[in-house]
Amino acid sequence: DAKTTQPPSMDCAEGRAANLPCNHSTISGNEYVYWYRQIHSQGPQYIIHGLKNNETNEMASLIITEDRKSSTLILPHATLRDTAVYYCIVKGSGYALNFGKGTSLLVTP
Amino acid sequence: DARVTQTPRHKVTEMGQEVTMRCQPILGHNTVFWYRQTMMQGLELLAYFRNRAPLDDSGMPKDRFSAEMPDATLATLKIQPSEPRDSAVYFCASGLVASPSTFGSGTRLTVV
Numbered sequence: 167d168a169k170t171t172q173p174p175s176m177d178c179a180e181g182r183a184a185n186l187p188c189n190h191s192t193i194s195g196n197e198y199v200y201w202y203r204q205i206h207s208q209g210p211q212y213i214i215h216g217l218k219n220n221e222t223n224e225m226a227s228l229i230i231t232e233d234r235k236s237s238t239l240i241l242p243h244a245t246l247r248d249t250a251v252y253y254c255i256v257k258g259s260g261y262a263l264n265f266g267k268g269t270s271l272l273v274t275p
Numbered sequence: 607d608a609r610v611t612q613t614p615r616h617k618v619t620e621m622g623q624e625v626t627m628r629c630q631p632i633l634g635h636n637t638v639f640w641y642r643q644t645m646m647q648g649l650e651l652l653a654y655f656r657n658r659a660p661l662d663d664s665g666m667p668k669d670r671f672s673a674e675m676p677d678a679t680l681a682t683l684k685i686q687p688s689e690p691r692d693s694a695v696y697f698c699a700s701g702l703v704a705s706p707s708t709f710g711s712g713t714r715l716t717v718v
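Chains as they are written, first to last, in our numbering: chain A, 167 to 275; chain B, 607 to 718.
Derived from the structure by calculation, the hints contain no laboratory data.
Please note that a few of the clues may not be correct.
Under the rule of at most 30 Å between Cα atoms (straight-line distance), these lysine-lysine pairs were calculated in the BS3-like manner [as the list claims (entries may be wrong)]:
| no. | chain 1 | residue 1 | chain 2 | residue 2 |
| --- | --- | --- | --- | --- |
| 1 | A | Lys218 | A | Lys235 |
| 2 | B | Lys668 | B | Lys684 |
| 3 | A | Lys169 | A | Lys267 |
| 4 | A | Lys257 | A | Lys218 |
| 5 | A | Lys235 | A | Lys169 |
| 6 | A | Lys235 | B | Lys668 |
| 7 | A | Lys169 | B | Lys668 |
| 8 | A | Lys267 | A | Lys235 |
| 9 | B | Lys617 | B | Lys684 |
| 10 | A | Lys267 | B | Lys668 |
| 11 | B | Lys668 | B | Lys617 |
| 12 | B | Lys684 | A | Lys257 |
| 13 | B | Lys668 | A | Lys257 |
| 14 | A | Lys169 | A | Lys257 |
| 15 | A | Lys169 | A | Lys218 |
| 16 | A | Lys267 | A | Lys257 |
| 17 | B | Lys684 | A | Lys267 |
Work out the full structure: start from the sequences and follow the hints.
This is the structure we're talking about:
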């Protein structure tokens with residue numbers, strides 16, 4: 167699986183958009199970009215995933231660059247409940263998720 | 607919403623005792639994963655199964671850990687004998703090949 171690079175921590179004001187970057191320059195053509203988050207003491211929670219097109223769901227948007235070497239997870243209106251560790255994972259279909267250290271997002275009032 | 611159920615939620619045991627953790631995957635999911643989380647190592651993949659057959663258990667210490675799926679509704683992770691360094695939160699997840707995995711709430715294991 168391709169490795170990913172994420173900033174260790176970020177802050178965001180409540181109500182503002184949170185933009186979490188991820189670099190995955192060694193991604194292969196058949197590998198997807200997945201985002202999960204883990205709120206303290208809970209199991210990881212799926213957010214969104216994509217192959218090459220931008221994706222949006224009720225939780226977030228995923229923007230993947232045209233060369234697929236990086237992506238950005240966007241939480242459009244961050245709330246205090248979005249404070250969590252966010253993991254960007256690249257993997258092929260059918261393989262297991264390999265978690266790195268993620269980005270610790272703190273949403274402040 | 608469908609959930610992955612893990613039992614027990616918390617377990618405190620003495621060093622040397624056998625520990626069994628159980629996971630009920632979401633009905634219809636054919637892939638089950640076991641992860642371990644510690645402060646030092648983060649989330650580590652221990653093993654995973656597809657259609658009840660082990661696909662990869664390279665992350666699991668073979669001498670004391672074993673993982674099985676007796677049937678499609680139950681996955682077990684056993685540690686025998688347990689050691690203090692096994693203290694961690696153990697997560698089970700289930701999914702289908704081309705779909706995102708769903709995680710359980712975890713079993714917090716403390717070995718004293």
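Do the hints match the structure? See the list:
Our distance criterion of 30 Å between C-alpha atoms is met by A/Lys218 and A/Lys235, whose separation comes to about 10 Å. Distance restraint check for B/Lys668 and B/Lys684: the Cα-Cα separation of roughly 11 Å lies within the 30 Å cut-off, and the hinted pair is therefore satisfied. Using a Cα cut-off of 30 Å, the hinted pair A/Lys169 and A/Lys267 holds, with the two alpha carbons roughly 11 Å apart. Distance restraint check for A/Lys257 and A/Lys218: the Cα-Cα separation of roughly 13 Å lies within the 30 Å cut-off, and the hinted pair is therefore satisfied.
Using a Cα cut-off of 30 Å, the hinted pair A/Lys235 and A/Lys169 holds, with the two alpha carbons roughly 11 Å apart. A hinted pair counts as satisfied when its Cα atoms are at most 30 Å apart, and A/Lys235 with B/Lys668 does not qualify at roughly 37 Å. Simply put, A/Lys169 and B/Lys668 have alpha-carbon atoms about 26 Å apart, close enough for the 30 Å limit, and the pair holds. Taking the CA atoms of A/Lys267 and A/Lys235, the gap is about 19 Å. The hint holds against a cut of 30 Å.
Annotation: proposed proximity of B/Lys617 to B/Lys684 holds, straight-line Cα distance about 13 Å (limit 30 Å). Taking the CA atoms of A/Lys267 and B/Lys668, the gap is near 25 Å; set against the 30 Å cutoff, the hint holds. The straight-line distance between the Cα atoms of B/Lys668 and B/Lys617 is roughly 21 Å, inside the 30 Å bound, and the hint therefore holds. Distance restraint check for B/Lys684 and A/Lys257: the Cα-Cα separation of roughly 28 Å lies within the 30 Å cut-off, and the hinted pair is therefore satisfied.
Between B/Lys668 and A/Lys257 the CA atoms are separated by roughly 25 Å; this keeps the pair inside 30 Å, and the hint holds. Annotation: proposed proximity of A/Lys169 to A/Lys257 holds, straight-line Cα distance about 9 Å (limit 30 Å). A C-alpha spacing of about 17 Å is found between A/Lys169 and A/Lys218, which places the hinted pair at or below 30 Å, so the restraint holds. A threshold of 30 Å between alpha carbons decides the hint, and for A/Lys267 with A/Lys257 the separation of about 16 Å falls inside it, so the pair holds.
A hinted pair counts as satisfied when its Cα atoms are at most 30 Å apart, and B/Lys684 with A/Lys267 qualifies at roughly 27 Å.
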